[in-house]
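Colleague: What follows is the residue order along each chain.
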Amino acid sequence: MCGTCGCGADEHAHEHVSLEQNVLAKNDAIARDNRAWLRKRDAIALNLMSSPGSGKTTLLERTLVALARTRPAAVIEGDQATSLDAERLRRTGAPAVQVNTGAGCHLDAALVRSALSRLDPPPGAVVFVENVGNLVCPAMFDLGEQRKVVVISVTEGTDKPLKYPYMFAAADLVLVNKIDLLPYVDFDLDLCAKHARAVNPDLTMLTLSATTGEGLPAWYDWIASV
Amino acid sequence: MHELSITQSVVDEVRSRAGSRRVHAVRLEIGALTAVVPSAMEFCFELVAAGTVVEGAKLEIDLTPARAACRACGVSFDLPDPVLLCACGSADVSVLTGRELKIVSMEVG
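Respectively, the protein sequence lines represent chains A and B. Quick note on the numbering used here: the first sequence kicks off at 723 and runs consecutively. Quick note on the numbering used here: the second sequence kicks off at 11 and runs consecutively.
Since the hints were derived computationally from the structure, they do not count as laboratory data. It is possible that some hints are incorrect.
[Stated by the list, open to error] What follows is a set of in silico ranges between Cβ atoms, one per label pair, in the way DEER data are often shown:
hint, chain 1, residue 1, chain 2, residue 2, range
1, B, V114, A, N822, 21 to 27 Å
2, B, V47, A, L911, 30 to 36 Å
3, B, V114, A, L903, 45 to 51 Å
4, B, L106, A, A825, 47 to 53 Å
5, B, S86, A, S839, 44 to 50 Å
6, B, P48, A, R763, 36 to 42 Å
7, B, S30, A, A790, 54 to 60 Å
8, B, S104, A, H738, 43 to 49 Å
9, A, A751, B, P48, 23 to 29 Å
[Said to hold, decoys possible] Taking lysine-lysine pairs in the BS3-like style, the calculated list, with each CA pair at most 27 Å apart, reads:
hint, chain 1, residue 1, chain 2, residue 2
10, A, K762, A, K748
11, A, K885, B, K68
12, A, K916, A, K885
13, A, K916, B, K112
14, B, K112, A, K762
15, B, K112, B, K68
In this text the structure is predicted, and so the values were computed from the model without any measurement. Glycine is no exception: its CB is placed at the ideal position from the N, C-alpha and C atoms.
Generate coordinates for the entire structure from the input sequences, incorporating the hints supplied.
Modeller: Here it is as structure tokens:
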């Protein structure tokens, strides 16, 4: 019996094939194609990730309205089900396509590729990719974005960066949303920043409120600097 | 459950390299910092491989521990978790190993 797999064949009947390949090689190759496709249009993509309910869609609504004066913008909206968010964002005047992942818990580069071809963003556009609300799975998948943005809100725990370290380790920018609620919740901004930098010393953090508009100009400046 | 789509990528790649040959074993290298749960991959592997030349293959997972080097004091050390902190107090550390997610080899025939 074969010692490798326990099958009935002689061990020498098996051929050892060395592969030495990244498991996500196919996804990463499509992500590189997406990035090149966007670059040809002088466009960029930002991958927005968070827990459900952090205020990503409200933040995008305000951002799309503000950007409309200066630069074309478009949205790829990822949710497990429904097209509610894409419909909501289209009311700002920006084009938005909905991607439903069904049982899937994250967007991948192939889903974004097909969404980009449907979206057909104009030259110079910022494409916001709103990932499925989940702080675990989306961290591993390159979509072809220029930057990864993680949104958390002060109604979540201060220790979130330590509980979901992979997401914060992957982020370029962390936005702390809903700071208008700080007087009513037990959230320590400084400690949260310390936790986030413990898993990712290089990240940038901005605080804002998508409801009141506080802190939004710094977010718009950051987008312009990408 | 991102392990399901990751396992699907593994089986897709192995199938394309194996052709019509039967696959008896697949060896993976998974780093401790990758957020991939090996037991979840084993569970998914059986499901994804069913009905293909990979069905029944043994999944062997080599776990690579996380190691880091401190830029402040020059020491290399084990990382027990993703918190990048050296015992000297510096957070200026670079990850040496632990981010691997590779299909190493397969046994076919």
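Colleague: Are there hints from earlier that the structure breaks, and if so, what are their numbers?
Modeller: Violated: hints 1, 4, 8, 11, 13 and 14.
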